[in-house]
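Asker: Generate the whole structure from the sequences, applying the supplied hints.
Read off the chains here:
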Amino acid sequence: MSAQPEDTDTDDVIVVRGLRNSFGEQVVHDGLDLEVRRGEIYGVVGGSGTGKSVLMRSIIGLQKPQAGDIHVLGEPTIDREETEMVDLSKRWGVLFQGGALFSTLTVAENVQVPLREFYKGLPPALLDEIAAYKVVMTGLPADAGPKYPSQLSGGMKKRAGLARALALDPEVLFLDEPTAGLDPIGAAAFDELIRSLQKTLGLTVFLITHDLDTLYAICDRVAVLADHKVIAVGTIDELLATDHPWIQEYFRGPRGRAASASVEHAAANEIAGTES
Amino acid sequence: MRAMTEPAAFTSERSGARDVVRFTGSLSLAQIGDLPDRLRDYEGEVDSIDLSRIERIDTVGAWLIHRFAAQHGAEIDGLDSDGRHLLEQVEAADQPVAIRPAPVGGIARVIGEVGDAVVVTGKTLVGLLGFFGAMMIAVWHIVIHPNRFRFNATVQRFEVVGVKALGIIGLMSILIGIVIAQQGAVQLRQFGAEVYTINLLGRLTLRELGVLMTAIMVAGRSGSAFAAQLGTMKLTEEIDAMRTIGVSPMEALVLPRVMAVVIMMPLLGFYSALVGIIGGGLLCWVSLGIPPVTFIQRLREVVPLTDLYVGLVKAPVFGAIIGMAGCYQGMLVEGDAEQVGQRTTSAVVQGIFLVIVLDAFFAVFFTWVGWI
Numbered sequence: 001m002s003a004q005p006e007d008t009d010t011d012d013v014i015v016v017r018g019l020r021n022s023f024g025e026q027v028v029h030d031g032l033d034l035e036v037r038r039g040e041i042y043g044v045v046g047g048s049g050t051g052k053s054v055l056m057r058s059i060i061g062l063q064k065p066q067a068g069d070i071h072v073l074g075e076p077t078i079d080r081e082e083t084e085m086v087d088l089s090k091r092w093g094v095l096f097q098g099g100a101l102f103s104t105l106t107v108a109e110n111v112q113v114p115l116r117e118f119y120k121g122l123p124p125a126l127l128d129e130i131a132a133y134k135v136v137m138t139g140l141p142a143d144a145g146p147k148y149p150s151q152l153s154g155g156m157k158k159r160a161g162l163a164r165a166l167a168l169d170p171e172v173l174f175l176d177e178p179t180a181g182l183d184p185i186g187a188a189a190f191d192e193l194i195r196s197l198q199k200t201l202g203l204t205v206f207l208i209t210h211d212l213d214t215l216y217a218i219c220d221r222v223a224v225l226a227d228h229k230v231i232a233v234g235t236i237d238e239l240l241a242t243d244h245p246w247i248q249e250y251f252r253g254p255r256g257r258a259a260s261a262s263v264e265h266a267a268a269n270e271i272a273g274t275e276s
Numbered sequence: 001m002r003a004m005t006e007p008a009a010f011t012s013e014r015s016g017a018r019d020v021v022r023f024t025g026s027l028s029l030a031q032i033g034d035l036p037d038r039l040r041d042y043e044g045e046v047d048s049i050d051l052s053r054i055e056r057i058d059t060v061g062a063w064l065i066h067r068f069a070a071q072h073g074a075e076i077d078g079l080d081s082d083g084r085h086l087l088e089q090v091e092a093a094d095q096p097v098a099i100r101p102a103p104v105g106g107i108a109r110v111i112g113e114v115g116d117a118v119v120v121t122g123k124t125l126v127g128l129l130g131f132f133g134a135m136m137i138a139v140w141h142i143v144i145h146p147n148r149f150r151f152n153a154t155v156q157r158f159e160v161v162g163v164k165a166l167g168i169i170g171l172m173s174i175l176i177g178i179v180i181a182q183q184g185a186v187q188l189r190q191f192g193a194e195v196y197t198i199n200l201l202g203r204l205t206l207r208e209l210g211v212l213m214t215a216i217m218v219a220g221r222s223g224s225a226f227a228a229q230l231g232t233m234k235l236t237e238e239i240d241a242m243r244t245i246g247v248s249p250m251e252a253l254v255l256p257r258v259m260a261v262v263i264m265m266p267l268l269g270f271y272s273a274l275v276g277i278i279g280g281g282l283l284c285w286v287s288l289g290i291p292p293v294t295f296i297q298r299l300r301e302v303v304p305l306t307d308l309y310v311g312l313v314k315a316p317v318f319g320a321i322i323g324m325a326g327c328y329q330g331m332l333v334e335g336d337a338e339q340v341g342q343r344t345t346s347a348v349v350q351g352i353f354l355v356i357v358l359d360a361f362f363a364v365f366f367t368w369v370g371w372i
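Just so you know, the protein sequences line up as chains A and B, in that order.
According to the numbering used here, numbering within the first sequence proceeds without interruption in unit steps and concludes at 276.
According to the numbering used here, numbering within the second sequence proceeds without interruption in unit steps and concludes at 372.
Derived by calculation from the structure, the hints in this document are not laboratory data.
What you are looking at is a predicted structure, and each value in this text was computed from that prediction instead of being measured.
Be aware that one or more of the hints could be misleading.
[As the list claims (entries may be wrong)] Short, incomplete list of chain B residues facing chain A, as computed with Cβ under 10 Å:
#: 1; residue: Ala-30
#: 2; residue: Glu-43
#: 3; residue: Glu-45
#: 4; residue: Asp-47
#: 5; residue: His-66
#: 6; residue: Ala-69
#: 7; residue: Asp-82
#: 8; residue: Arg-189
#: 9; residue: Gly-192
[Claimed, not checked] Each pair of labels, with its calculated beta carbon distance range:
#: 10; chain 1: B; residue 1: Leu-235; chain 2: A; residue 2: Ala-268; range: 45 to 51 Å
#: 11; chain 1: B; residue 1: Val-120; chain 2: A; residue 2: Asp-30; range: 53 to 59 Å
#: 12; chain 1: B; residue 1: Ala-252; chain 2: A; residue 2: Ile-231; range: 43 to 49 Å
#: 13; chain 1: A; residue 1: Ala-266; chain 2: B; residue 2: Glu-91; range: 25 to 31 Å
[Said to hold, decoys possible] If you only want the chain A side, here are some residues facing chain B, beta carbon under 7 Å, derived:
#: 14; residue: Phe-102
#: 15; residue: Ser-103
#: 16; residue: Thr-104
#: 17; residue: Thr-106
#: 18; residue: Ala-108
#: 19; residue: Leu-126
#: 20; residue: Asp-128
#: 21; residue: Pro-141
#: 22; residue: Ser-150
#: 23; residue: Leu-152
#: 24; residue: Ala-180
#: 25; residue: Leu-193
#: 26; residue: Ile-231
#: 27; residue: Thr-235
#: 28; residue: Gly-253
Beta carbons are placed, not taken as given, at the ideal position from N, Cα and C, and that holds for glycine.
Answerer: Structure representation (structure tokens):
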């Protein structure tokens, strides 16, 4: 027994092969391949307009690509009927950029929506309890439960969105720019939260971000999107060893250096702390 | 794949005075079954909970175990480090959280809602007056600096508010004309006074119905659109952006819209009355046998020109009310998308209501002036 999800037929949770997306003349992806392994935090970076969000929307079946093959948890997500996607959507959680909370429901009721939809037999008392501990688990104060989304700050909306994404204890978590718009302290806390939830729940996380600190702090592997495909995948050290100009500029630029320095600084502190 | 896992279950065995409860299967949301109910109804002293034989545990399973253990004061054994970590996180998250705002019950709620409604109505009236004042200031600024007037924006609204409404208002008016003439003829026939149908039709459409029905249609078409447009712009912070750039939303958004309705309303009202009379005239021709030439002659004899003036004087005032109610409600939107819907509804309801109230005042006023 463990906190790991059950089926272990394959180690790749998300497999994308030969993906092609285009809007009119503009080609976003062409021949894009990627694999996300079970239990890892997979970061996706790329310049503006390289189609990071389109990639995520394609994987979760919101966007129909022109060509290619996408499997999530061993099941195809392209050209599926909505009824066929239901079983799959029980096994993943999605956090959209703005939180995408239902504005007519309170935070706790938002968390209950997937539970009510898929597990109609749950006793109402348990439903309330589940919503309550999920809200607290994602770092929201207890009094945020009965609040409406319009009464929340941007960071709290993201946490509430995360609580809803985690409502069904999914195996895969999709995060679109989870730390965008948060202050550095809030962003660091959010990174920490994702890391700890990923560890305890054994989640696989697919994460789109611009935040170099997030990349350094929590991502196991990072994929770089450019020229319509994934040009490199690996740990940040492996990426730094490549000589692609965009990757070098991204990670070696002033912001990249600062993020890397802060991680080294933290590591040094940790070592010093354990020695003393 | 999930079917391979066993549903969650437990057995209990007695050791000494207290029980040991052993769980098996997958303690996860998908496999939970009736476990919550069975755990709640469990009677007996529990000494320890053995989890060494479970296949999997997720937060829901951990929550149930945590609650069961807390309820019976039992110890939890047999979890590996991941599972223990999960349980600790869930335990740490055990805080009372309200799901919805506390309901206020009974009389207090009724009194509260009535009070709120009174306050809201009062605030709306005062606010509308304030909005009117702000608009007059904007008009004054434009009178001083005429080059700041948004000519293009205003003319573009002419098309949306006026030209594009011609079809629906025409159709509505012709039908109303036919109905009035038909109903009038049926009643007047009893006195042998069918010919007075023309008086009824001409005076009613020109004085009242043409403008009133047009106002209702414009409130539904354009007043609602104004509220929704401005409300959405408020939500996306476009209006704040305008202010920071130094563009007055009053001059750039509100005035062109209100001006467009004020100018279009008399034209649409006149058009509506005309089409209504044509519709009624057609009915008179077909069912009463009054030829168009006779109809027009009779119309000129019995309908005084003041009837047209009455209609045309009211129209721009109604237009101003509708435009202002729409823009005012739009500017009040704050917070979420639901408000846009509520404010749009209020804009239409307020617009139509105020138009009808004003119409009553106008009726009294014109009688007093002698335009009867």
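Asker: Looking at the structure, which of the earlier hints fail to hold?
Answerer: Hints 2, 3, 4, 6, 8, 9, 14, 21, 23, 24, 25, 26, 27, 28 are the ones this structure does not satisfy, whereas the remaining hints hold.
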